[in-house]
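Participant: On the provided structure of chain A, position chains B and C as indicated by the hints.
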Amino acid sequence: MTSLTKTPTPQDLPAVSDVPLTHGSLPRRAAPLTLLGSVLAGLLLFVLDWSPAWCALLAAAGYTLTVYLWSRRVEGSRKATDRVVTAIVTSAFLLALLPLVSVLITVVGKGLARFDATFFTNSMRGVVGEGGGVHHAIMGTLIITGLAALISVPVGILTAIYLVEYGRGRLARYITFFVDVMTGIPSIVAGLFAYALFELFYGPGVRMGIMGAVALSVLMIPIVVRATEEMLKLVPNELREAAFALAVPKWLTILKVVLPTALAGIATGVTLAIARVIGETAPLLIAVGITTGDNFDPFDGRMATLSVFSYYEYVSPGVPPEPSLDRAWSAAFLLIIIVMALNLVARLVSRLFAPKTRA
Amino acid sequence: MKRTIPGRLLALPAAIVLSFGLAACSSSNESDDENNNSNGNGGGETAETTSELSGTLNGAGASSQDAAQQAWMAGFVAANPDVTVNYDPVGSGGGREQFVAGATHFGGTDAYLADEELQGAIDRCAPGELIELPAYISPIAVIFNLEGVDELNLSASTIAQIFDQKITNWNDEAIAADNPDVELPDQAITPVNRSDESGTTENFVEYLAAAAPEDWTHEVSGDWPVAGGEAAQGTSGVVQAVTNGEGTIGYADASQAGDLGTVKVKVGEEFVGYSPDAASKVVEVSTPAEGRTQYDFAYDLSRDTTESGAYPIVLLSYQMACTSYEDAETAELVKAYLNYMISPEGQQAAADAAGSAPISDSLRAQIQPAVDAISAAE
Amino acid sequence: MRKGQTVPPTSERTRTRGAPLSLGDRLFAGSATGAGVLILLVLAGVAAFLVAEAWPALTASEDEIPGGEGLVLYIWPLLLGTLLSATLALLMAAPLAVAIALFVTHYAPRRLAAPLGYIIDLLAAVPSIIYGLWGFSVLAPQTVSPSGWLAENLGWIPFFAGPASSTGRTMLTAAIVLAVMILPIITAVIREAFLQTPRLHEEASWALGATRWEMIRLSVLPFGRSSMIGGSMLGLGRALGETMAVAIVLSVSADAFSFNLISSSNVATIAANIALKFPESSGVAVNVLIASGLVLFVVTLLVNMGARAVINRRREFSGAN
Chain A
1 MTSLTKTPTP QDLPAVSDVP LTHGSLPRRA APLTLLGSVL AGLLLFVLDW SPAWCALLAA
61 AGYTLTVYLW SRRVEGSRKA TDRVVTAIVT SAFLLALLPL VSVLITVVGK GLARFDATFF
121 TNSMRGVVGE GGGVHHAIMG TLIITGLAAL ISVPVGILTA IYLVEYGRGR LARYITFFVD
181 VMTGIPSIVA GLFAYALFEL FYGPGVRMGI MGAVALSVLM IPIVVRATEE MLKLVPNELR
241 EAAFALAVPK WLTILKVVLP TALAGIATGV TLAIARVIGE TAPLLIAVGI TTGDNFDPFD
301 GRMATLSVFS YYEYVSPGVP PEPSLDRAWS AAFLLIIIVM ALNLVARLVS RLFAPKTRA
Chain B
1 MKRTIPGRLL ALPAAIVLSF GLAACSSSNE SDDENNNSNG NGGGETAETT SELSGTLNGA
61 GASSQDAAQQ AWMAGFVAAN PDVTVNYDPV GSGGGREQFV AGATHFGGTD AYLADEELQG
121 AIDRCAPGEL IELPAYISPI AVIFNLEGVD ELNLSASTIA QIFDQKITNW NDEAIAADNP
181 DVELPDQAIT PVNRSDESGT TENFVEYLAA AAPEDWTHEV SGDWPVAGGE AAQGTSGVVQ
241 AVTNGEGTIG YADASQAGDL GTVKVKVGEE FVGYSPDAAS KVVEVSTPAE GRTQYDFAYD
301 LSRDTTESGA YPIVLLSYQM ACTSYEDAET AELVKAYLNY MISPEGQQAA ADAAGSAPIS
361 DSLRAQIQPA VDAISAAE
Chain C
1 MRKGQTVPPT SERTRTRGAP LSLGDRLFAG SATGAGVLIL LVLAGVAAFL VAEAWPALTA
61 SEDEIPGGEG LVLYIWPLLL GTLLSATLAL LMAAPLAVAI ALFVTHYAPR RLAAPLGYII
121 DLLAAVPSII YGLWGFSVLA PQTVSPSGWL AENLGWIPFF AGPASSTGRT MLTAAIVLAV
181 MILPIITAVI REAFLQTPRL HEEASWALGA TRWEMIRLSV LPFGRSSMIG GSMLGLGRAL
241 GETMAVAIVL SVSADAFSFN LISSSNVATI AANIALKFPE SSGVAVNVLI ASGLVLFVVT
301 LLVNMGARAV INRRREFSGA N
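Chains as they are written, first to last, in the UniProt record's numbering: chain A, 1 to 359; chain B, 1 to 378; chain C, 1 to 321.
Extracted from the complex, chain A is given alone in its bound form (with noise of 0.2 Å):
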């Protein structure tokens, strides 16, 4: 701690011999107070019945505006600036979580209706009004999802491998762009595009569980490449030209030196591109179709999934609504859950292989 009885110098133009070694801060518990009393007029408003939105907002800006003059007078500009952006960042943050917990306590709120045994054993076949379960589609899901990250997974990293490591020229040029074009597709297009493909081979009204693979493959491989793409370029040069310098050759290297450090990165971009393509509803609607019962072929015939049933519950319920629309809330619920377990598996994995550059 600087002492504050030190005058701060004068803002114009000093002449370095004129710049002292130390300069003013602010007390320790400066911010937490200010903060503190931002809050407290916030919830003051708030008692003289003004919007929370509003209160919120005020008491965010009086605080910056405090934080900044009281700073500006005693540290000066530099340290001013860094504390608003600090200000700045965190409300951003607490303004962003807001919709997003919203979102989340919602669907829990809704979704806890039907977490019962049954939900989860039993399917739909014969099922009319209340009970019934989604086994059938939690299954389909899984596979379906699963025979996709398959399909997706090697194709992106080969890609993103290839224009990173390997690309040069126009190959190259056309590979990165038209991944980028890629990731536009809009998702029913996909679903199209896959029904038209095996329409191809099986005649007209093929409804299979592959089909919907490869149409969520085709969104979710863009996704995986942009990310490993991404993660690759950060590793660092040094370590490839330390490898090539022992004499490794470039597969190994790439396979031993780059992939591992780049790997947490990698393992975060495909469990977000599942995580994008595990609720998609419109590209499975078409190529998968919806079932009442177990078929965990995924090469005959219609399966259901988690989003696919969870649409049509709420679209078409029946009389009374209630036990449809608690069905779709839960089916949510679950694959929120089921990404959350995919997101602690990809966690893991990264945490064991890949190296400790970091502490």
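These aren't lab readings, by the way, just hints derived from the structure by calculation.
What follows is a set of in silico ranges between Cβ atoms, one per label pair, in the way DEER data are often shown: (1) Thr293(B) with Met305(C): 52 to 62 Å; (2) Leu95(A) with Gly309(B): 54 to 64 Å; (3) Gly169(A) with Pro146(C): 52 to 62 Å; (4) Pro185(B) with Ala53(A): 28 to 38 Å; (5) Arg351(A) with Asp327(B): 47 to 57 Å; (6) Pro32(A) with Glu152(C): 35 to 45 Å; (7) Ala242(A) with Met305(C): 31 to 41 Å; (8) Gln142(C) with Asp123(B): 49 to 59 Å; (9) Ala113(A) with Ser343(B): 26 to 36 Å.
All values reported here derive from a predicted model rather than from experimental measurement. Beta carbons are placed, not taken as given, at the ideal position from N, Cα and C, and that holds for glycine.
Facilitator: Chains B and C alone, transformed into the frame defined by chain A:
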């Protein structure tokens, strides 16, 4: 460091595959077919039926029928445990297209086949004949959310002007004239329509065009023709938008109207609220469409009927099928399923689960021969 | 600012392959190239499918197109609606995503950072229909009174011309929902890049006496720049193509595009329009919808071209410095 990196990277998807591989046991209500019957409460008398039917039946079409199809499937499957019936509620257009292309065994559609599609369907069924059955009748309610008002009497002309945004306030004279006992507030009307193309819209607009031709001059289609109102997706969307807003009015499947206020519609000189009987009555007094084949029961509903006790705003949805299928097993399945569908039990199951209006006995007697005619092609 | 070591490897190594290629190298390079080519093939397949299916609509006469005014006039308002909603969503989401990523990587206490990032990742998995339902039933009612205020006090700005919707199912609400949807995906990409900022750069900044913000501005942000653009493009792609959520949230009832964000009369987006009309369409109408999908495809192509150009120009600058 023996394992290669791709191996590790594949560990993630492999783990997923493994986990479902281990857990891929069947649903507990399906693991034992003998004890399966308790699940289907739409099934009725399943115990004595010893069914020999087996196989898979695929259908696709109108989403309006979905809830009813679910009930029919449940009832049918309960009686025939080895059968699987699938119905994709992809929409009427998709249903017609897939049926004509031979992609499905049966189809559901909110509008009967017309023009080139009709010819396509006839060709698809050759050498047999095309069947169209009006097996699903659902009243459409005009719903509103107005504080303190539960029921309103409105004529077709007033409804048309409200939805055309010509009448814009609830205390308008035209509304007040039909509702002398109701205290109407000075509040703006927000009409709510479907934003998606739908059979419900088409049937509602058809009613307005037929019953109030002077006030409703827009083209009849499944697409809502008036711009500038509030629009929402699907029946649930409209119901929710009407519920959330104030002074809102919309149209939706009567079964989903819930606690909202509903309109009694002027037919002849009286005001009729929706009810299953009133809805099936309008089908009875309607005339079959002209130029159709023997088993093609397409109806032009008489929306402007003055018949006492008929409720003219109904959605009539058809089942499409053929009288002959190449495969004997499929033919048996289609026949049995349609038979169940139009039977009194089937109609009651749909009424319970989807709020539809059971077809009358006389209509059943008319369409029964079509179902009986289904057989395998020689 | 950028030292040689941070320049992406693609731009430098060209002569690392002196020795003849081993079998492993050839196999590996071959399969990597094969994967890239496979992607091109898939994309060509999708494009061919789109063009083939859209062709009847392109050649159809004007009165066969829904609306009766020809294909261009049918798709044009939808295109504008798509661009408006997606741009708004990106404008809202991208700065927030950078802030979240910064907070998680450089501001939050370590103990807190991991779970926070985790929660945000999860939200990428929420099915879009849920976002739609949330927007419809939770968010939209909240926007009714603010948009009434906007219409009253800022009505002279075309965006807030009003009249304000009574249910809140407006373009603004749809854009907010889209922003919330794309936030997790943008954040995740940026966060990973920020985490990879070379420790030495950060420490060098600290050693020079930089404040936290100066350190971020000088070492973290430049390092993550290409990821920021890349992540935003991913988000924009999702926002442009989002189907179900927009279809549920937006009140689609206008024939003509307007910049009015808070009325109940809006044009649809291309993807939402496909979802709303596709099920009940038949004949040329289906081809028209697929033609609109083709337009969306082309738009994404152009947007990505633009983004590429921006990134490349920046890269040249940093090389020149």
